[in-house]
Amino acid sequence: NAGVMQNPRHLVRRRGQEARLRCSPMKGHSHVYWYRQLPEEGLKFMVYLQKENIIDESGMPKERFSAEFPKEGPSILRIQQVVRGDSAAYFCASSGQGESYEQYFGPGTRLTVT
Amino acid sequence: GESVGLHLPTLSVQEGDNSIINCAYSNSASDYFIWYKQESGKGPQFIIDIRSNMDKRQGQRVTVLLNKTVKHLSLQIAATQPGDSAVYFCAENISGAGSYQLTFGKGTKLSVIP
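Chains D and V are the protein sequences, given in the same order.
In my numbering, each number is its position in the first sequence, counted from 1, plus 5.
In my numbering, each number is its position in the second sequence, counted from 1, plus 33.
Treat the hints with care, as some may be off.
[Said to hold, decoys possible] Think about it this way: if two alpha-carbon atoms lie no more than 30 Å apart in a straight line, the pair counts; the simulated DSS-like pairs of lysine-lysine are: (1) V:101 x D:49; (2) D:49 x V:142; (3) V:139 x V:75.
The set of hints was computed from the structure by calculation and includes no laboratory data.
So that you can see chain D by itself, here it is in the shape it has in the complex (with noise of 0.2 Å):
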């Protein structure tokens, strides 16, 4: 019963690329959580998806940063233009159906912008 996977675990990008982080939610789960963590800090909410549909973002940066959870396939977290401030480590929870307050988190991408 596989949990919840990230994918890359460690990502370098130099300024001005893109980032593409990529969160496949436990088996049966359809709700699908967005966080940053700062160094030595707790984590922040970025934003709240169910399949095709964003149903919070309030914690999402206006500019640069984007996701998405289609239908079928991973639910990705999108940074265009990178800059030294979006290095963090990115964690995904899932939760399922009548369970979505307890969220069961990835092993986390760690994003480095050089």
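Model the placement of chain V on the given structure of chain D, informed by the hints.
Same frame as chain D, but now just chain V:
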């Protein structure tokens, strides 16, 4: 804005002793709380949760206490083991708000001395 915070950023305990990790929250509308454990390089791992209609909940070696009067949450770990060394986060949620986003505190680092 309102946020979840922690009294102690670091805690060192002797193996076998009990540990108490504290958390203060300021959003009186929050009605669901979770404790997560995060080991170095990994995603947060669910430990225990509690809803606001309860003041105590027990799990295996862990107990969460909720004091709504002073907006305080604590995690007690009995007979602390070296494997308990990690950063512990409390997180809160407001049910019925249309989103299941979690608001995390900054974390407490627990170090167990063998």
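Results for each hint:
For the given pair, residue 101 (chain V) sits about 24 Å from residue 49 (chain D) by alpha-carbon distance, which is consistent with the 30 Å threshold. Of the pairs offered as hints, the one joining residue 49 (chain D) and residue 142 (chain V) holds, with about 18 Å between alpha carbons and a cut-off of 30 Å not exceeded. Proximity of residue 139 (chain V) to residue 75 (chain V) is assessed by CA-CA distance (about 16 Å); at most 30 Å being required, the pair is judged to hold.
Violated hints: none; the structure is consistent with every hint.
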